[in-house]
Every structure is written in structure tokens, then in C-alpha cells.
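Colleague: Given next are the chains, with one letter for each unit.
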Amino acid sequence: MPGLEDLYREIILDHYRSPRNRGELEVPPATRTEGFNPLCGDEVVVYVQMDGDQLDEIRIAGQGCSISQSSASMMSAAVKGRTRAEIEELTRAFKAMMSIHESTLEGGEEVEVEAPTADLGDLAALQGVVKFPVRIKCATLSWNTLAEALGGDRDDRAEAE
Amino acid sequence: MPGLEDLYREIILDHYRSPRNRGELEVPPATRTEGFNPLCGDEVVVYVQMDGDQLDEIRIAGQGCSISQSSASMMSAAVKGRTRAEIEELTRAFKAMMSIHESTLEGGEEVEVEAPTADLGDLAALQGVVKFPVRIKCATLSWNTLAEALGGDRDDRAEAE
Amino acid sequence: MSTDPLDVATVRKDFPILGREVRGHRLVYLDSANTSQKPQAVLDAITTYYERSNANVHRGTYLIAEEATAALEGARAKVARFIGADRARQVVFTKNATEALNLVAKAWGRAHLREGDPVVITELEHHANIVPWHQLRAEVGIELRWIPVGPDGHLDLTDLDRLLDGAKVLSFAAMSNVLGTLTPVERLVAAARRVGALAVIDASQYVPHMATDVAAWGADLVAFTGHKMCGPTGIGVLWGTEEVLDATPPFLSGGEMILNVTKEGFTANELPWKFEAGTPPIAEAVGLGAAVDYLSGLGMEAIREHEVALTGYALRTLADRFGDEVVVHGPSEPAERGGVLSFSVGDIHPHDLTQVFDERGVCVRAGHHCAKPLMKVLGASATARASLYVYNDTDDVDALAEAIAAASDFFAP
Amino acid sequence: MSTDPLDVATVRKDFPILGREVRGHRLVYLDSANTSQKPQAVLDAITTYYERSNANVHRGTYLIAEEATAALEGARAKVARFIGADRARQVVFTKNATEALNLVAKAWGRAHLREGDPVVITELEHHANIVPWHQLRAEVGIELRWIPVGPDGHLDLTDLDRLLDGAKVLSFAAMSNVLGTLTPVERLVAAARRVGALAVIDASQYVPHMATDVAAWGADLVAFTGHKMCGPTGIGVLWGTEEVLDATPPFLSGGEMILNVTKEGFTANELPWKFEAGTPPIAEAVGLGAAVDYLSGLGMEAIREHEVALTGYALRTLADRFGDEVVVHGPSEPAERGGVLSFSVGDIHPHDLTQVFDERGVCVRAGHHCAKPLMKVLGASATARASLYVYNDTDDVDALAEAIAAASDFFAP
Ligand SMILES: Cc1ncc(COP(=O)(O)O)c(C=O)c1O
Ligand SMILES: Cc1ncc(COP(=O)(O)O)c(C=O)c1O
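Residue numbers (my numbering), protein chains in the order written: chain A, 135 to 295; chain B, 135 to 295; chain C, 1292 to 1704; chain D, 1292 to 1704.
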């Protein structure tokens, strides 16, 4: 049985207590995108300012549990300064890490997931979340919101199925 | 256990095979009222011509099972020439005979029913119907339709509860 | 029937109710088009759910709530696979097929249909695929057009092109609940496609009896109901393409179907939850999941073969024994129909007929079968209807024939 | 609690799930405001129905169909008696409270409300009594007004007269599912009467916990849900006066709810069937009937007394043990509230809190409880909520306190 320590790694609690890139950006030039976890009410607001193809600035507002807030904080640190393509790559890798378990929620069938190619860094600490199915949506909330902010089609397959 | 003979008394089959007052009346001066048994599709059409307070003429159209048709036929014979008050009395007596069982359909509780005061004549043959709960609506269909034709508030308490 | 692809004797043991005696006879249940009986596996799944994992779904951060959510979503995935859906999120749980068809007419219909828009249905529809359109007609003034039923019990498609001209919706049953008629689903869907009409299928009588592949049908929306396919009451399904479901506004609203609610308004949730307002039929979904497992275990091809053979046996038995006295409505070829036999015996009223049947433990429905417009076409106010399923065998058909003979004697003038 | 009016040890034995171990601990179920557990009697009633009498209702002329109909209508009569309804026909079965409230807003509302008509609700409503009105606002332009919630968790009725001025509907919860607040039902109904507004009560949290007398309330419509009162999922109730139900057009439509259908239109059936389209939740009604028998057997007065006492114990325990670290929202007087305790522990997020609880088998919900506008008033995006029912005792409250202490330790900075 997974223990609480699998979920609440020290680095997660650290990001929760001292969130990176917390705050707002002026809109415009930045964009503001809200995300909700319909199941628990967690809210993430993502402010993004692009410089051409590159994410120049990002700020995170909203409120939520340690998982959703630390995930948002780690994400903000990971995507800042990256290009769209790099961010998409990261998102895929992160989702892949998360969706392994989420798919079993539904049908009990393991889904083939390509091995993540991007280096997740700190974010890898969130791996323990997959053992706690309901928390996966907490971890992916900020990523889905960012994807929406970047205008990409939100890949919510992992959530819906 | 009630047998088929309780339900299909000879007199019932006789009214079914040779329905009394079958046909239509000219509207106006007569009125035409349709009744449906929503559960099986039986239809009764009652044509009524009043002479002041007295039911002068009645005709029955529509289609249905032996119980609904014979009940309509017996009713037509029983009410012809009667006054409103007499017909209401008859209706109450007939419903009382029918509703004894119908009420148990719902809650398993016996309901106090006043002893019928009017003489039901042939109609008493329908008493066996109370042992066959689903058929009660067949037997009461024409009576409800007549009550509607006479503009009285249809007493559908027996049906609904 | 020694070659019956189903081992019916074994199947019967799976259904506790079939061991029951009524009025001193074994129960001969011939009303599965109305509702099916439930195998032990379905009852066990429901009980186990309540005894082990009962909790509200999508809400709790504790173990049994996770289990309940997994049970509900697992059932959705099972149903999706059973009907050939690409993805579980295309499967919306409703309370019955009727709610599903109301969702179509009212949520999709109100958003997309305007005064004068033609909606095409058929004369063999169940009221569930008629009355919601009547309501919509009263509300927005759509025009309702009817594909007629021919004397052979098949849809008469002679005028199809004219009927579909300008049509915005074509909604039809894949199998008639009165005549057993199988309608030409692919042809009708293709015809709807050609004129750009929404293609809606009421598969309530089809899914329980035949292998279903909604992707192959190519329709937009498909509705069916749990209790006719060995599942519990209280659950139905609306399948839809994501394109169409996304273009359909929410229907019922409240908890579960929202992303956010403020004093000013609300944001709807994703598919499929957008259409599932309030606490869903959780135990019922679990039961339906067990039902599709059970049916898959028997094999839908085997079920269909069994029913075609038994329908053939029934048609032959009634013809051989009663000749013209018994008239069976609908297509005469078993391959063109399901095991639904609407019939009349001389001029005995169906109600009187089934009353005699009941004395012998034979359960057959008499009435309009919620298809009054079709009854009008048949020129009857009611028919008697015997319908077959996995647990019926030639003994049941023989018992029916005996019951017909008894009624015929009883009412002989 | 030696004077507990309920013999909880015995009651617990009636609920099979409470014998379950989770994560090595006994199950401490404190989420009954979300959904209640089910006693054996309810599971047995459902199983027996399926094993002996399963058939479609109001349709068959054979024995088991009569039994099924009697079971459904018998359950309706039981529910009617349980809530003090005059007649069974005032009781409409829906799939849940959400459908019942949608029926009110949409069937009654669409027929009777026009642009600018004020509808008054409260800030403590569940989404089920908010979102349907939002939909109606989008559709016909009603004006939605909100009775505020004061800092004590009670409705603030200072401005009631102004809010009700010209109002066409007053719809409110009899008990808050977040704060446990009991609202002043009689006073609100009387106020609605004075201005001629329809009085609608969402009694989803009330009926399971307190003796209910709809006739005494004098409201027009009352909604509640089966699964929170020991009944199964898949069933809810709308009670209404015949006057108001008669003046409400049909909502969902299809089989069962019609008297006649032609190609041109349809005639609706009598109450209550007019509102029950399609195959009803038969087994679910049977289960709900068994649930009200079960609750009546315990005695609603005894249940209420038990919950008041246990709520008092919980409030004292948390205050004594944690002081200001634990804040319980809502009225401080047990007599003014139900056993629903929304609380916060320092600044630990509710999700994180209940995650620790789960390790110890303690089931508590974290979230917005489908009451986002109220959460906004509370200034929180989520709370943890423990809720009590007939099977809870002081051991459960003590287990909760232990779990809070453990979480507090775990997250201590
Ligand atoms: C106050 C209140 N109203 C309505 C509901 C909705 O009930 P259901 O989800 O069963 O429709 C609930 C419970 O979720 C509730 O607590
Ligand atoms: C063809 C058809 N459509 C729809 C329905 C309605 O199903 P339900 O009553 O479960 O909503 C039925 C069954 O009654 C049916 O046979």
C-alpha cells in the first residue's frame, strides 16, 4: 500500500509552502486563463506572456491543495523561457507519467504510454501521485490550464477516460 | 386463488358479445367524450344526450376487452333514463365495489368503503374483477368517461391511489 | 433445436426468478421486450457494490469513494466496448432510454432546430421517440414527418428522398418493439448523411439482442436502456460522437455536470459528465456493467442465432397448430426480425387472451406497447406480444401454444 | 452518550459495509451528507424484487407484473406516509433530487415565468437548486435574487421583504449540506405565500434526518433524494400539491406518462405518472420503500435526538482538543443544525487533510460540496466535511479527532 510519504515528497511540500512564480501579470500583454478541478473546487489561474514562440513570463494564482499548488509551482519553473514545442514535449511527458494510473481507473486496462522523452526534473517528485487516483487531477490541473492558455487543444483524454 | 370463472361470468360475456346501446349520437345535441386506459390502449367513447336533469339517450363506441366493453354496455343500460343524482349514486356504488381491492394495490391497507346503497343489478356480475387488480381500470373506464361527460369532477381517487 | 448455440438449460439456472412457480405452474416469461430478467451475476454485482464500496463518486478522497468512482467509470468503459464506441467519454448514463431520447430532442433539438425544420421519424417508433418531438413541435414548431410501415411490417422507403428533403433530423428504431422488424440502419444513416440530417437511433430493442457496433453504424446518437439487457432498472445510455455531444448544450443541471458555478452563471463540465446532473445511478451502472459482461460471456452472435432459431420455431408452431386463427404481425422471415411476436387469436381481445395465459404461468403482454401510432397502422387498439430472450426455449413456445389453445377453447362462442 | 435514543451498536450490524476493513482500519464512515450507507433490509428488498417479481409495471396482465406494480405503487404510498403527504399521487419518482429540481425550474418555470420575473434562492443552496435557475435565466431572462448567509451560518433575513418583492418563486434548502444550518421553513413558506410566490423546498438533507411533514410545511413543492436516506441510487422524489402539479406541464416524455399518442400530438396521463416518463426506477422505488420502513422503525425522532447529541459531542470534542486550530463552520447550537460539520484545520488544505484521514479509514469529504456560491461566502475554495448518521457513534467522532491530530502532526512545518 502506498504511504503518505510517496505522495508528499519533501520537495512537493517545499513548493507548496514557497510557491515559485506566484502572482499576476498585466493583461494584456499577458493572457489570463482559469482552470477548475470540478471535483473539489481547486482553482488555478495561469498568467502567460509570450515572446514570439517563447514563454517569457508566467505567474500562478488561485488556490488549492498541496498537490495542485506544488504542481503549478514546479510547472511554472519548468516552462519559463521554453519554446512552445518544448513545453508541449514536457506536457506530454508529464501527462504520460500521470496517465498510467488514470487509465486503469476506468476499465482496469493498462494503456500503452510512450516513455517520457523530456527530462521532468523536480516534477518527477509528483510520480507518487499516480498511486492516488483522485489526486491525479490535482496534479494535472495547472498543465491543462497552461495548454489552454497556449491555445493548444487541451489533451484531456487522460482525464476523461 | 380466483379462477377465470370469477372474472368471466356468463352475463359479462353476453354483454361483450351483444353490447347494448352500441353506436353514436348526433353531436350536438348529444355530447361525445373519449376515455383511454393508458395502460392497455382500451378506448371508450360515450355519447350522452340529456333532457334537463335526465339522461335521455346514451351510446357507446370504442374498442376494448370483454371487461371494459361489457362494463360499458351494462352501464349504458343502467343509467339510461336516470337523473344525474341517481347516476352519481350508481357510480359511487360501482366504484365502491371496485375500489376495495384497488386501494390494496397501493399500500396493502384496506380502505373503509361505505356499503353500496344503490342496486347494481347486472353490474354486480363485475364484482369478480376486484380479484384481478389490473382489470379494475378496464371496468371503471366507461364510468370515468361518463362522469367526465356529465361534467362532474371525475373521482379518480380510486385509480390514482 | 439440438443445435442451439446457447445452452439454455444452463442459462436458465443463472436467472433466479425462473425457478419461481406462479399459480401452480413454472414461470414462462415471454415479455423480455418489456423488461428482461436479471442473472445472479448482476444481482451480486449490485449487492457487492453496496456491501463493499458504496460512496458517492468523483468526490471523495478516501478509498471506498475511489472504488465507487472506479466502479462507475469501469462500467462506462465496459458499455463503451460492448457497443463498439471509440471512447468511454462518448457514453452518457441516463435513467432510461426515454431520458436519453428527451436529451436528444430537447437539448440538441432546442439548440439546433427552428420553426419549420423537418424532423423525420417512423410509424413504428416507441412513444419515447415520438412524444419528445411532439413537445418540441409545440415549443418551436418543428415539422414532424413519418416514414410509413408497409403491410409486411417493414418500413416503406419508397418516398424516403422526399421525406428527407430538407430534414434536420432522422430518428428511428433499429428494431421495432411491436413487430420485431429490423430496420435498414446503414441505409437510413447514409440517407440522413446525404441531406446533412442528424442521425439518431433508438437501439433499445437492438442492443440486448444483437452485436452492436455504433462506430460501424456511423450515426450521431444512439439511445438504449439497461433493464431490457439483463441490467437493472434506473439506467439508460446515450452514446454520441464527441462532435455532436460537444455541440449539445447541457440538459438537466446541478451537481457533477459543472466546472464552476457563481452567482452569475455556470461552466459545464467535460464529456460525459456534462450530461450527468446530480448523483448518477452508480449501483445501476455497476449492474449494467455486469450485464454486458454476462451477455458477452454468452456471446452476442450466439444470442442472435438462438433467437432466430427460436423465432422460426415459434412461427412454425403457431402456423402448424392454429393456421389462420393466429395471425402474427411483422416480417415473416426470422432473419429480418427480432424475437418479438405480436399476434392475435381470432377475435379474442388481447387482454382476455393474456388473462387466460396468466392462469398457466405464461407471461405475455397485451396492449399498445407504447406504440399507438403503429397500432393505428395495424388497425388494432392492442395486440398480444410474446418476446424471446436468452433464457427461452422451445418448451416456452410450446407452453404459449398450449395457452393459446386453452384461451381459444375458453372464449369459443 | 449512554442515553443515546438509538442503539447504535445494533444499528451498525444492519449495515454490511460497516464490517469492512480499509487500509487495516475499521471503516469510519463520516460522509453521509454525500451518500448514506444501506442497511441489509434495503439490499434484501431489491434482491427479492428481482428474484421474485421483476416485470415492467402498469403494463402486464400477469401475476408478476401485478406484483411489480403493487411493489412500485406500494413504495409510493410508503414514501407519501413517511413525509406526511395526503395522497400517494402527490409523490413523483425522479432519478434524484437534481431531476426533481430541474422539473420545477423547467417544467413549472418555463410555463409560468417570464422575462424579469424574480426567483429568490439562498446563498447556501446546492448547485442542484442553482444551476437549473441559471439555465432558465439564460432562456427566459428571470431575475435571480439571493438571500444572504450571515457569519453565524444562518440565513440573514433582514432584507427578506425587499428580496421577495414581486417574487414568483422562493426556493430554498431546508438544511444546508455544508453548514448543517436548519433554515426557518415555516417562516419562509409564509413569506412566499404573502407575495404569492411558489414555495419550493430542497429537503435533500432534511428528510433523511428529521421527521418531515410536507402538509404542515405548507409548501408547494418539495424535492429530496433516495440515496441519502438509506435508499438506493437512481431514485429521487418530487412531492407537490395537486394544484401545482396539475398546473405543471409534463417534463420528460415518452411511455407511461401518456393517455394517448397520435401522429398529431399526445394527451398526458394523470398524476403522478404524468411526470414519470419511461420505465420507472422500479427496484429503486422498492429499495426506497424499504429504507423508509427502516428509518421509521428506528424512529425519526430518535434519529434526530441521536444526531443532536452526537453533533454536540463532536463540537465539544474538537473544541476541547484543538481549540482555535480547528474551526467548525455554521451554527454553534446543535439544535439549530444537522450533523454536518464543515471544518478547517489550521491552513492545511482539506484535500491534504482527508488524504491523511484516509490512511486511517476515516471517510470525510473535501471539496466545495456542490455549493460554490456558499464557499465564496465562507471565503474558502474547499472545506473538509464530516457528516453523521444513524450508524455513527462517539467512537467515530474520536477516530476523527485522532485523524485530525495525525494530519496536524504530518503537515506541521
Ligand atoms: C441540499 C442538497 N440538494 C440537492 C442534492 C442533490 O442530490 P442528488 O445528487 O441525489 O440529485 C444534494 C446532494 O448532493 C444536497 O445535499
Ligand atoms: C424501442 C423502444 N424505445 C424506447 C423504449 C423506452 O425504454 P425505457 O422505458 O427504458 O425508457 C422502449 C421500451 O419500453 C422500446 O422498446
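In short, the hints are calculated from the structure, not lab data. Heads up, some of the hints might be wrong.
To be verified - Quick list of the computed label-pair ranges, beta carbon to beta carbon: (1) Pro1540(C) / Gly1407(D): 18 to 26 Å; (2) Val1431(D) / Thr165(B): 36 to 44 Å; (3) Gly1556(D) / Glu160(A): 54 to 62 Å; (4) Arg1311(C) / Asp1298(D): 46 to 54 Å.
To be verified - In silico EDC-like cross-links for lysine to aspartate or glutamate, where the CA-CA straight-line distance does not exceed 16 Å: (5) Lys214(B) / Asp190(B); (6) Lys1667(D) / Glu1414(D); (7) Lys1304(D) / Asp1335(D); (8) Lys1667(D) / Asp253(A); (9) Lys265(B) / Glu177(B); (10) Lys214(A) / Asp253(A); (11) Lys1554(D) / Glu1414(C); (12) Lys1304(C) / Asp1684(C); (13) Lys265(B) / Glu1358(D); (14) Lys1667(C) / Glu177(B); (15) Lys1554(C) / Glu1434(D); (16) Lys1554(C) / Asp1335(D).
Stated by the list, open to error - Negatives, chain C to chain B, calculated, CB over 10 Å: (17) Asp1298; (18) Gly1310; (19) Arg1478; (20) Val1486; (21) Glu1596; (22) Ala1600; (23) Val1617; (24) Asp1643; (25) Gly1658; (26) Lys1663; (27) Met1666; (28) Ser1672.
Glycine included, each C-beta is placed from N, C-alpha and C at the ideal position.
Colleague: Evaluate each hint against the coordinates.
Modeller: Hint-by-hint comparison with the structure:
no.: 1; hint: Pro1540(C) / Gly1407(D): 18 to 26 Å; in the structure: holds, 23 Å
no.: 2; hint: Val1431(D) / Thr165(B): 36 to 44 Å; in the structure: holds, 38 Å
no.: 3; hint: Gly1556(D) / Glu160(A): 54 to 62 Å; in the structure: holds, 59 Å
no.: 4; hint: Arg1311(C) / Asp1298(D): 46 to 54 Å; in the structure: violated, 37 Å
no.: 5; hint: Lys214(B) / Asp190(B); in the structure: holds, 6 Å
no.: 6; hint: Lys1667(D) / Glu1414(D); in the structure: holds, 9 Å
no.: 7; hint: Lys1304(D) / Asp1335(D); in the structure: holds, 15 Å
no.: 8; hint: Lys1667(D) / Asp253(A); in the structure: violated, 39 Å
no.: 9; hint: Lys265(B) / Glu177(B); in the structure: violated, 23 Å
no.: 10; hint: Lys214(A) / Asp253(A); in the structure: holds, 15 Å
no.: 11; hint: Lys1554(D) / Glu1414(C); in the structure: holds, 9 Å
no.: 12; hint: Lys1304(C) / Asp1684(C); in the structure: holds, 13 Å
no.: 13; hint: Lys265(B) / Glu1358(D); in the structure: holds, 13 Å
no.: 14; hint: Lys1667(C) / Glu177(B); in the structure: holds, 13 Å
no.: 15; hint: Lys1554(C) / Glu1434(D); in the structure: holds, 11 Å
no.: 16; hint: Lys1554(C) / Asp1335(D); in the structure: violated, 43 Å
no.: 17; hint: Asp1298; in the structure: holds, 34 Å
no.: 18; hint: Gly1310; in the structure: holds, 20 Å
no.: 19; hint: Arg1478; in the structure: holds, 31 Å
no.: 20; hint: Val1486; in the structure: holds, 35 Å
no.: 21; hint: Glu1596; in the structure: holds, 34 Å
no.: 22; hint: Ala1600; in the structure: holds, 31 Å
no.: 23; hint: Val1617; in the structure: holds, 18 Å
no.: 24; hint: Asp1643; in the structure: violated, 5 Å
no.: 25; hint: Gly1658; in the structure: violated, 4 Å
no.: 26; hint: Lys1663; in the structure: violated, 7 Å
no.: 27; hint: Met1666; in the structure: violated, 6 Å
no.: 28; hint: Ser1672; in the structure: violated, 5 Å
Violated hints, in rising order: 4, 8, 9, 16, 24, 25, 26, 27, 28; the structure is consistent with all others.
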